[in-house]
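Visitor: The residues making up each chain are set out below.
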Amino acid sequence: MSFSSEQRVVSTRLAKRKMRHVSEKIIETLLFLSAAASILITVGVVYILVRESVLFFQHVSIVDFLTDTQWTPLFDDAHFGIVVLLSGTIVSSLVALGVAIPVGTVVALYLSEFAPSRTRNIIKPTLELLSGIPTVVFGYFALLFITPLLQSVFPELPGFNLLSAGIMMGIMIMPLIVSISEDAIRAVPMNLREGSYAMGATRLQTAIRVVIPASISGITASYILGISRALGETMIVSIAAGMQPNFTWNPIEPAATMTAYIVQVALGDLPHGSIGYQTIFATGLTLMLSTLLFNILGFWMQHKHRERY
Amino acid sequence: MVTSPITRSQISPTSLPQKAKVQDFSFYYGDFCALKNITMPLCEHRVTALIGPSGCGKSTLLRAFNRMHDLYPGNRYEGEIVLYPDNTNLLDHRVDPIEVRMRLSMVFQKPNPFPKSIYENVAYGLRVRGVKKRALLDDAIEEALTQAALWEEVKHRLRHMAFTLSGGQQQRLCIARALATQPEILLFDEPTSALDPIATAHIEERIHALKDQVTILIVTHNMQQAARVSDLTAYMYLGELVEFGYTDEIFIKPKEKRTEDYITGRFS
Amino acid sequence: MSLQKIDTKIRADITRRKRLDQWFSLLGLFALIICVLTIVILLVDMCYDGWERLRPEFFSNFPSRHASRAGILSAWVGSALVMLVTFFVSAPLGVATGVWFEEYAPRHWIRHLLEININNLAGIPSIVYGLLALGLFVHTFGLGQSIFTAGLTLSLLVLPVVIVATREAIRSIPTAMREGAYALGASHWQVVWDHVLPYSMPGILTGIILGMSRAIGETAPIITIGALTFIAFLPPAPWTDTWPYMHFEWLNAPFTVMPIQIFNWTSRPEAAFQKNAAAASVVLVTMTLLMNGFSIWLRNRLRKNLKW
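Protein chains in written order, with my numbering: chain A, 1 to 309; chain B, 1001 to 1268; chain C, 2001 to 2308.
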């Protein structure tokens, strides 16, 4: 084989070149359509929630929805006060965060600043595996393990209660907070720490006075994502807190969250188009807006975090 | 065809048979002008070296030949690089960069064999051109590996992964890969800067042997390498072509003071 | 004299601070141990409770009113079929989207919008996807309360995971590989098909399997679309005896899945059913952990030949 420059077969492949251009363009378009399909999902969610809620709000005024203190959509004298369900969601989430945030932060700090790297290398994957346990199994734990445990200490505790659900949720959310906070803490450059150690500070002082302030937006971002997770959690509260709407701020009582209510309705048999059917979409819309708020907040904080150094 | 050594007393470099010509070529990264009005011939069946300090634009010029800059947004070409004998301007936006890359091949600074077998590495250029017949591929691959002085070392392990080869062997594999498609010009971007001296010597010896068959343009920051390997040298500084001529002229008696400063090591 | 006093003061301060330091270290270790221990205890308790049910008949029996005879046959078959649909919907769509972002997307506001949108999708509670499925898939599109609807819904959950995994995997390919391929005259799609996709396959597969291990445990969206909780029959098998040996009737069948079976048994007051719930949970958790472990093993195995 020789290397003659007559091997310019390219100019004779004009037709093939055009074909290749066309087929490349087709492929590019197909790939773009796949990416654009993700917009359709968001559009779908917004559309269905809004459409059914609009139908709902034709029967129920928004003022009533936001201020009524009873939630009895299926009674003859129906009341639609979302605050009832909101109270369940808020109480269970507060309990969960009351467990997850302190414990998660302490563990994250410990793993990053105190623990030997061997410990960290074993614990981090373990926590990730634990966060993969299905929530229905956590619900099982909450009802059949935590509640009896708590009842042995507080005998008056009802079988369904927000406390057990909240505690279990907290344990479930904790790996998320540990993971994100720990990443944020580790991202603080070593020379910031060295400056503090060089002045004779202990690890704890350095951690509290230097490292945490430097990584605070990453840590708060993890909290906010945890809040978002807690608000949207369904199975743990459905199983362990019961599905009876109950307007209360007391975690020892049973109550339904927004998510548990949707499950209760779905388990039953509501005809499509009835007011009962529409309530789940109005509830879903409320849930969606709450989590969206916190997601945006969390995303903004993580963005701020990236601009630090 | 063996070329006899040419010295300054004979033909001027611009009247040697040319494979390509860079004509008033300027290149912009966004607003920044990286190459300013370069005019330079690329002589056929010769090795031309581009030398100069870091940032002078020699790699930028080399990568313009095979339209590598098209892969990244925000770049602009002005002027021409004309390929002979069909007078195609390689930089023309109507010319498909893929076609340009089918006529020119490149060997990169750090050996970059694909994470595939040795056979598949060399075969890739041919597969891209639609060559499917096993017999044709086998012949072409053997030829290319022989040209790269690698055949004897790998002929019994063509199916092994390319990363099992040493650094120098990997670079020769990349040369074989570039040769398999019978390019008209072979572009080398600092091909030995990541290799040890023995591997470097092998590569330089290959470059010398290959120039009879293909025109070679090599970028190097190692002046001694340029002196050893090339027939013609272009010295660049801050995006401009300062001087172009026969290698021994440039190194023994450069015309420009800037060239002399660089050659004598006043800066690097 | 006064120098000694300062020394003692400083030394006392140092000792105090160091003691605080050690207390916190102990606290951190304690918290860590409590967390890990809690979950381990829960898992062990679950295994203990469910142990007597984990017999072969458990896997081949239908659910029944008699707890000791109830099994998870319809549940795990349903889960497997739903996962099949989820895979075939979310994998191609997710990989194609990831490829578009990394290889083709221009710096345009549309790209930003799509990126923000996908980040947002990952944060939507799974029950909202269930509402979307109920309103649109089940009723408006008329797909009914079927395996197909369930698979489609879970694909929505898995999609962001696959997209992110694909993008990360593609980004880890060094530019030198791409440039080497382009320099040989390959077209854009040839570079993607011959190099980008094969080299990013380990990361992509890991992402897909991890996404699916999440989906297999999802209960809320499946309940919302109305999967029945007492199914004592199997969907029609996908294969038949006659040409073309395959049919798609099973996509339309009613069904149940593992997490729903667990939910159903957990909600029964009888202690006997709780044992079933425990056993089924053991199976589900094992499936999840196996899938996670498999994805990691697969990635390591496939990465062996990817050296650059």
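Keep in mind the hints are simulated off the structure, nothing from the lab. Certain hints may be false.
Calculated pairs, DMTMM-like style, for lysine to aspartate or glutamate (alpha carbon to alpha carbon, straight line, at most 25 Å) [said to hold, decoys possible]:
(1) 1110/B with 1078/B
(2) 1116/B with 2168/C
(3) 25/A with 2103/C
(4) 1132/B with 1092/B
(5) 2304/C with 1153/B
(6) 18/A with 2179/C
(7) 1132/B with 2194/C
(8) 1110/B with 2194/C
(9) 25/A with 2194/C
(10) 1021/B with 1120/B
(11) 2304/C with 1120/B
(12) 18/A with 2168/C
(13) 1110/B with 2168/C
(14) 1116/B with 2103/C
(15) 1132/B with 24/A
(16) 18/A with 1086/B
(17) 18/A with 2103/C
(18) 18/A with 1096/B
(19) 2307/C with 1096/B
(20) 25/A with 1153/B
(21) 124/A with 2045/C
(22) 18/A with 1153/B
Facing chain B, from chain C, some residues (calculated, C-beta under 8 Å) [claimed, not checked]:
(23) 2176
(24) 2184
(25) 2249
Each residue gets a CB set at the ideal place from its N, CA and C atoms; glycine is no exception.
Visitor: Hints first: check each against the structure and report whether it holds.
Guide: Taking the hints in turn, this is what the structure says about them:
Simply put, residue 1110/B and residue 1078/B have alpha-carbon atoms about 29 Å apart, too far for the 25 Å limit, and the pair is violated. Under the criterion of a C-alpha separation no larger than 25 Å, the hint pairing residue 1116/B with residue 2168/C is consistent with the structure, at around 21 Å. Of the pairs offered as hints, the one joining residue 25/A and residue 2103/C holds, with about 13 Å between alpha carbons and a cut-off of 25 Å not exceeded. A hinted pair counts as satisfied when its Cα atoms are at most 25 Å apart, and residue 1132/B with residue 1092/B does not qualify at roughly 31 Å.
For the given pair, residue 2304/C sits about 24 Å from residue 1153/B by alpha-carbon distance, which is consistent with the 25 Å threshold. This hinted pair checks out: residue 18/A and residue 2179/C have alpha carbons roughly 23 Å apart, not beyond 25 Å. A distance of roughly 15 Å separates the Cα atoms of residue 1132/B and residue 2194/C; the hinted pair therefore holds under the 25 Å criterion. Taking the CA atoms of residue 1110/B and residue 2194/C, the gap is about 21 Å. The hint holds against a cut of 25 Å.
A hinted pair counts as satisfied when its Cα atoms are at most 25 Å apart, and residue 25/A with residue 2194/C qualifies at roughly 18 Å. Between residue 1021/B and residue 1120/B the CA atoms are separated by roughly 34 Å; this puts the pair beyond 25 Å, and the hint is violated. Distance check on the hinted pair: residue 2304/C and residue 1120/B sit about 18 Å apart at the alpha-carbon level, within 25 Å; holds. Our distance criterion of 25 Å between C-alpha atoms is broken by residue 18/A and residue 2168/C, whose separation comes to about 33 Å.
Straight-line distance between C-alpha atoms of residue 1110/B and residue 2168/C comes to about 24 Å, which keeps the hinted pair within the 25 Å bound. Simply put, residue 1116/B and residue 2103/C have alpha-carbon atoms about 21 Å apart, close enough for the 25 Å limit, and the pair holds. With a C-alpha separation of about 21 Å, the suggested pairing of residue 1132/B with residue 24/A holds against the 25 Å cut-off. For the proposed pair residue 18/A and residue 1086/B, the alpha carbon gap of about 21 Å is at most 25 Å, so the pair holds.
For the hint pairing residue 18/A with residue 2103/C, the CA-to-CA distance comes to about 21 Å; that is within 25 Å, so the pair holds. For the hint pairing residue 18/A with residue 1096/B, the CA-to-CA distance comes to about 11 Å; that is within 25 Å, so the pair holds. Note on residue 2307/C and residue 1096/B: the hinted pairing is violated, with a Cα-Cα distance of about 32 Å set against a maximum of 25 Å. With a CA separation close to 43 Å, the supplied pair residue 25/A and residue 1153/B exceeds the 25 Å bound.
In summary, the hint linking residue 124/A to residue 2045/C is supported, as the alpha carbons are separated by about 23 Å, within the 25 Å threshold. Restraint check for residue 18/A and residue 1153/B: not satisfied, since their Cα atoms lie roughly 41 Å apart, outside the 25 Å limit. Restraint check, residue 2176/C versus chain B: the minimum CB separation of about 4 Å is within 8 Å; hint holds. At about 4 Å, the closest approach between the beta carbon of residue 2184/C and any beta carbon in chain B falls short of 8 Å, and the interface hint on this residue holds.
Checking residue 2249/C against chain B by beta carbon gives a least distance of about 42 Å; that is not within 8 Å, so the hint is violated.
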